[in-house]
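Undergrad: Below, each chain spelled out in residue letters.
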Amino acid sequence: MVLAELGNKITKALVTMKNSTILDDQVIDDMLKEIQRALLESDVNVRMVVQLRENIKKKIAAEDAGGFNKRKLVQQAVFSELKRLVDPAGKPYQPKKKHANVIMFVGLQGSGKTTTVTKYALFYQKKGWKTAVVCADTFRAGAYDQLKQNAAKAKLKFYGDYTETDPVLIAAAGVEQFKKEACEIIIVDTSGRHKQEASLLDEMQQVSTAIQPDDIVFVMDSSIGQAAQAQAEAFQKKVAVGSVIITKLDGHAKGGGALSAVAATGAPITFIGTGEHFDDLEVFSAQSFVSRLLGFGDVEGLVDK
Amino acid sequence: LFGRIPFTDKVLDDEDLQPLMTDMRQLLVTKNVAADIADKLCDSVAESLRGTTVGKFSRVSVKVREAMEKALVRILTPKRDVNILRDVAKAKAAKRPFVITFCGVNGVGKSTNLAKICYWLTHNGQKVLIAACDTFRSGAVEQLRIHAQCLGVPLFERGYGKDAAAIAAEAIQHARREGCDVVLVDTAGRMQDNEPLMRSLTKLINVNNPDLILFVGEALVGNDGADQVVKFNAALRDLSDKPNPRLIDGIVLTKFDTIDDKVGASISMVYATGQPIVFVGVGQTYTDLKRLNAAVIVDLLLK
Ligand SMILES: Nc1nc2c(ncn2[C@@H]2O[C@H](COP(=O)(O)OP(=O)(O)OP(=O)(O)O)[C@@H](O)[C@H]2O)c(=O)[nH]1
Ligand SMILES: Nc1nc2c(ncn2[C@@H]2O[C@H](COP(=O)(O)OP(=O)(O)OP(=O)(O)O)[C@@H](O)[C@H]2O)c(=O)[nH]1
Ligand SMILES: [Mg+2]
Ligand SMILES: [Mg+2]
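These protein sequences, in sequence, are chains A and B. Mapped onto my numbering, the consecutive letters of the first sequence carry residue numbers 1 to 305. Mapped onto my numbering, the consecutive letters of the second sequence carry residue numbers 306 to 608.
Pairs of lysine to aspartate or glutamate, DMTMM-like flavour, derived with a Cα cap of 20 Å:
1) A:K83 x A:E54
2) A:K59 x A:E81
3) A:K237 x B:D565
4) B:K536 x A:E5
5) A:K33 x B:E320
6) A:K91 x A:D214
7) B:K345 x A:E34
8) A:K12 x B:D341
9) B:K536 x B:D498
10) A:K18 x A:D30
11) B:K536 x B:D554
12) B:K432 x B:D392
13) B:K536 x A:D250
14) A:K153 x B:E447
15) A:K9 x B:D532
Simulated from the structure, these hints should not be mistaken for lab results. For clarity, every value in this text was computed on a predicted model and none was experimentally measured.
Given these sequences and hints, build the entire structure.
TA: Listed below in structure tokens is the structure:
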């Protein structure tokens, strides 16, 4: 995974620090600069990067009691700050069996919602859940056909309405129908939108109010840059984003912008998209991601001292 | 200390410049210029100022800003102008359709901005044919069919799963017979590192030798933007079997309405390729297509 490249750079900076004979402020500062650089090249939000560096410095200053192993202290501070970046406190929604779990997908234009809706549905269908998808994108040309064709290929139940123009009505009708049919995972695909157009965010809120989803999944493109955080915040302000899926990680982008969105929404990453085909979806665990990212042995020991 | 007004003439050295360049670099990165391109820009501005004299009562920071402004305007000022209507007229005189191919990574807005350009062309009296050569993504053909209907232009399509290069060739033949002025060729999105898909794009270009190859990128993109356009160009060059392979002629930068003042992707992409931004996409309707205004971009970047 390409995000790992970021990890390599950070690990290298930490190893350089570990190997230097003396550990003075200069060495620590150099290491922090290296880390800062790696994060910026990965599109992590500038403000967050500056904050992260400050936090690490503060932690080191506050806890440096001379006798304590300073190298370990520094490493620990870096690790816990990075972990905060990708692993917010919130736990993702866990669908319940024999219950109509309603999941609404939202995100910027072209981020990969419709494709990921299909992947997500197939993921649960393969595990034996009764799954259905609803097309509530009445705006984008061909949106109905796109999800309908995907659903046919993946053998998913599909609801859509080619002539109705109100996404709120379609979403409500689709969810109601599939609840009647005792579906366990009901996924609602919505149009792409952005924070600069308030009416689009209002519409998203209305859909959410109408269908009362158990989880709202925010889909983010891994290539997004510094605009990520403000967009994510705007979505979160309007609806209760509960989880994040980062797409297109089969590309070259390192995904740092999307990570900043995680911090902005406080919602954890649950899956990553790694291709255009329906099985290109991987379960994501922040904990194992960060430990892999940094390649250090006893991760739990490092974090929860 | 810096930005303070010196009371005598002063020859600038690194010590004067470094802290200001650090701030400048951070500003550019905040505005979404790719990190390494911000570095290079700052290095070259520092280089150009090192050893120069600032007069008394003038601020070093003002000099740095002016030099950066100049550098940015230079980057955004095209060395070559792309004049589509003029070139369409030339092709028309030669009794052949003018062919524009759209390419880029997934979901950036190729098909939508193709439709906007179609709208602009028809309003300028051109007879347009749209060729549906994304034969992979579900709904791609229907998406274009809806646009073609709304715009009142014909769509050439052969459904899904077929060879895109062959469909484009057929569409161009068809346009010739029907006396169309312009053919707009839509292609599937693809990741720049995906060699098989880059190969098939190169094939489409080689077989059809379009008049204009537009790379579509989105203004939302971060550090990956420069890499995308550089690698598309590299693939067109390296995977071609022609002695003089066709490369990207210009850039369409979409979703400009979603980034506020974080306009740095425009700098990154142009800096990386030297190709001009031909159009800017500023929304989801047919009229949301603009020309790039370099002065506005530079203002936003340095604000
Ligand atoms: N390579 C790659 N492409 C992806 C991935 N996920 C989605 N895509 C592609 O990205 C493009 C956009 O995907 P869509 O699912 O249509 O995006 P969307 O968010 O529904 O778009 P709108 O409804 O227009 O806002 C399509 O070409 C997809 O095939 C991924 O993980 N990897
Ligand atoms: N806000 C905004 N949205 C845009 C703009 N251009 C395109 N979009 C939206 O971006 C999404 C993707 O657009 P498409 O034209 O389908 O993108 P594409 O590159 O053809 O996608 P694939 O063919 O799947 O790779 C759609 O929801 C468009 O409405 C723009 O300038 N501004
Ligand atoms: Mg969609
Ligand atoms: Mg398309």
